[in-house]
Every structure is written in C-alpha cells, then in structure tokens.
Amino acid sequence: MTEPDSETRSDSQAHDRTPSEGGDQPSKKRRRRRRGKGGGRDGEGGGGDGGEARREEPRESSSSDREGGDRERRRRGGRGRGKGGGGGGRDGRPMHESTDERPETQRRERRPVSREDVEHWEEIFGEKTFADLGLRSSVLKGVEAAGFTSPTKIQAEMIPAVLSGKDVLGQSRTGTGKTAAFGLPLFHLATRELPFQTIILAPTRELAIQIAQELADLGKFTPIRVSAVYGGQNIATQAEALDKGPEIIVATPGRLMDMVERGHLHLRNVKFAILDEVDRMLDIGFREDIRKILKAIKGEHQTVFVSATISDEIEKLASNYMNDPVRLETTGGSLTASLVQQHYLTVNPWEKRRMLLHLLTHEEPDLTIVFCRMKRTVDDVARYLRDKGIDAHAIHGDMYQGKRNSVMRRLRSGELGVLVASDLAARGLDVDNISHVVNYDLPDDPEIYIHRIGRTARAGRKGVAWSLVMPDQGELLTAIEKLANIHIPHLDYPDFVPGPPPERVQAERAAEEKRIEKLKEQSNRFANAPLPRAKAENDPRFPGGVVPTKLPPRSMGGRVRTTRSNKPPVSDDGDKSEKSEKKSD
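Residue numbers (numbering that gives the first Met the number 0): 0 to 584.
Take the hints with a grain of salt, since some may be wrong.
[Claimed, not checked] Taking lysine to aspartate or glutamate and the EDC-like style, the derived pairs with C-alpha atoms no more than 16 Å apart in a straight line are:
id, residue 1, residue 2
1, 351, 471
2, 315, 287
3, 402, 378
4, 270, 166
5, 165, 323
6, 351, 378
The hints are simulated quantities; they were obtained by calculation from the structure and are not laboratory data.
Owing to the predicted nature of the structure, the values given are computational and were not obtained by experimental measurement.
Take these sequences, add in the hints, and give me the full structure.
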C-alpha cells in the first residue's frame, strides 16, 4: 500500500519522467530501469527484487559519488545510501548500531538545558527529576548523556503511567519531549533477545527516522536495538537489518505491513504498540492500516497513543483497541519555542526574496534552513540565492533519494551554508549545528511552525527563527503565538528599502481602483435620483398628487372564470335519473 506522502515519489516514477537524451535509450539501461520498478508495496520505495538485482551489480568508487552525480549512483545501484545501497540510518549506518560508531563530525555534544536558557521554566518542567521516575541506571545514563536534566510535564506524567503497565492516551503539543516520554520506559521494560517486541508507528518516513535516531541516542547504554522501517529506501537493506532481530521497530504503517507480508517481520512478540502523532496519521489516510496492524497484535500488550489533539475518531479508535487507558493532557509550554529567539518581519509578497537575501547577507548566520510551502518555490528561491552568490541547495520530495542523501551529507559535514526545504522533506531533519530558521512562507498550521523552528536549538543550544509575514497574515501569526504561548516581536530593518511594485501588481491595483470608482458613481447616481412621487403630482388619477400605498389589482384581460354554472338548476329526481342513465351506459 502506497503511503500517502504528498511529497514522496517512487524512484520508478522519477525515472519515467526523465527524458532520454539522444533518442532511445540502450536496451541495457531500459532493462535496469524495469528491474528498479519492482519492490515496495504498490510502488512504495524502490526495493524488492529490483533492489536485490541492483545490489548484485559491480560497485565502483568514484568522485561523482561525493558530488551527488545521479547517473553514477544509478549505475552503482546504491543511490547514495552508503554501503549496500541503503541503510537504516540517515548517515548510511543501520539504526541498531551504537551511536559511538558515528564519524566525529556527527556525534552529538549536548549541553544540559538550564533555567537560564528557558523562559517560562515552570510552564514546561515539573519539580521531579528523571531519577524520581523509577528508571534504571543505564537509562538514566543515556538521559544524562543526551543533555536532559529535568523531565517536562508530559514526561513526568507519561513515564510512570507506561511503567505501571497501563494503556495511555496522551495529549501534548509539539516540542514538549513526547519521544522521550514514551521511549524511556521502553528501554526500562524491554528484554534482550526478544525481537520485534515494540512497534512504534509514525505518519512520515522523516519522522520515523527522527524518532529512531532519538531513541538510539537515549538508549545507547542499554542492549536494546532500534531499527527504522519506512518507504522510499531499499527493502533488501531494511530486511537485512530486521533479520538481526532488533527489539524496537520504528515504522510507517505502509512499509510495516509490507515487511509483515514479505515475512521479514512478525507481530507475535509485540508487547508495546506506540502510535505517535495519531491525529496526523488519520488525516493523511492511514485509518485502515492502523486498524489492521492493531487487530493483528494478538498477545497481551500495552498501547500508547500520543497526539496533539484528541478528536472523536481517536476516541473511537482508543475505545476499540485500548483497555481503560490513562488519559493525560498537559497544557505546559513548548521547550522548542522557549529555546528559540523568534522574530517576524512584515513584507509584501514581491519583496520576500530581496528581504531573505538582505537577512542572509547582513546577519551572516552559520547554517540556515529556509522553509517554503511549495516545491516549486523551493527551487525558485534556491536558484535566486545562487544567482546572488549564496551557496544555497534545495531539498524536497520530488528529488532523487540519492540527491537528497548527498545534500544531507554535505549539510551534516558543514559544507552547506543555506538549505531551502519543504516541510515534509525536512520533517525528520536532525542536525545539531543549525543556527537559524527562516519561514519564507508562513505555514497554515501552527503545529508545522513549531516543527520548523525545532530544527534549530538542538542539543541544548539556542537558535534564531525569522518569519516573513505578509500584511494579510496577522490572524495566522496570532494563532501561532497562542500555540507557542509566546509573543513574537516585530523586527525592523531601516536600511532595507522596498522597491516599486511589479507591473503586474500595479496593473491589478489600477483595475481595482477603477472598479471602486465605478461603484461610487453608481451609488451617487441612485442617491440623487428624483422621487417617483413628484412625477404623479399632475396625474389626474391621483388628486393632489397623493399616491395610495396600496393599489387595487390590475385586470389582465380574458374571460373571467367562476365556480357558477350557466345551466338551469336540476331537480333531485332528475339528478338521480341522470346518474342512473350514466351507470346503465
């Protein structure tokens, strides 16, 4: 079943849209392309038999691999995923391996978050410590290494509830530490050598990658292994990781069902079923997949739902698949929003690119992500910045997976200065050294805003977020402020001189002004028109010019129809005889 990711496209579809150069393609390339169309569930990712066939082809090392050459990667079959053409991790490393094996440039150096770093500390954190929650020492060691000192309110409530063995229905806003809230109890309760005992479902592959990476960091001092399973990557490589029997599986629903049907994964050992962002999974069409997965888990297990909102549909789902769940609802603030210094700039739509260029050239941020709503805008903005001398690169769902991996490698290594991205492509982006986030297009959903600015202020650092707000978006900005529980101040650049509106805008304004003037003229003409009563003053039908308010109905001519008959009256006897004659006829 294809995962309904609006920005995800299978590799086979991408190849089909690529025009051939110099006439028909060689038959060898066509055969390889046909092999690549096999694999994922109804086209979900380029894996399956096609992926295995590509893995058996000879591999060559080439400098174009570092440069992101799509043609060379297609010939090698790996599509830029590192050894074996795939890999569970975003850096080409399987998720279940220890994080100590990362290259030096990719290791996290977290700094603990203190009260001085966070505004409204009392709204986000409670009075307890992680040691008060009853976690094992090996789990607490991972928490300390991750830079966490105090649990957030959702963590302080959910961790004891999960440890008690009860089902949990938790509602908490984005940026409050939900992953650690349901993840830390798993490392405390999970047992070694029992594969697939925990299933965590996420709506998108980017979020699945992010959850798996965060859990790998939190559980680095425990023997529990984590593996990510999602669409858009080689099935053969993910199957190889599953064959090792990791205890925790983070997956998108479509790819999880695909792996179960292929026999690489089973649900017999499941003790914990976690559904993260349930509201979003339902919104993008995973209803039936979720029901099938939960129904297939037969043994005794715990179920945890985590969502930003609890709708009637989620309540119904919980009543069917949960046993007297503990309900948690936290109204605390967002840690993400508190660590990020946020500002907005008022700008007309035709000045947004110039304003973005002004920010990047005057502020000179270390590493910036620019978020756009449309993939076409992502390409246009990246092209504009490159034309102005800024090394900007684009990433969105229509790009080849190998090209996306190449951009991500350069981003993590610090080679990129500006990344222009769409929301889904950067959903699971987890890079520690991002200093600034720019909302080139303000999102319609305030939750997406929190996800965006959460790309900065990682590992206990502070970050900066700029939002370009158009004059008609004041109501949306207010909704974002309410969700983040923060006032976003206005940022003014006196040295930025707006240019004249483009000719198209000037023509539209002139047409609008002309239309308004025409309406005013019509209104004035009707207002100054003479009253019809003055015309009737000399009419002989209305003496004295007095027009009655109600006139008698006018006759339309023609014969007047009445209920009376012109026939002579008939006696009672005659009437009876007439009726009898009709009956006899």
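Status of the hints after comparison with the structure:
no. : hint      : result
1   : 351 - 471 : holds, 14 Å
2   : 315 - 287 : holds, 14 Å
3   : 402 - 378 : holds, 14 Å
4   : 270 - 166 : holds, 11 Å
5   : 165 - 323 : holds, 8 Å
6   : 351 - 378 : holds, 15 Å
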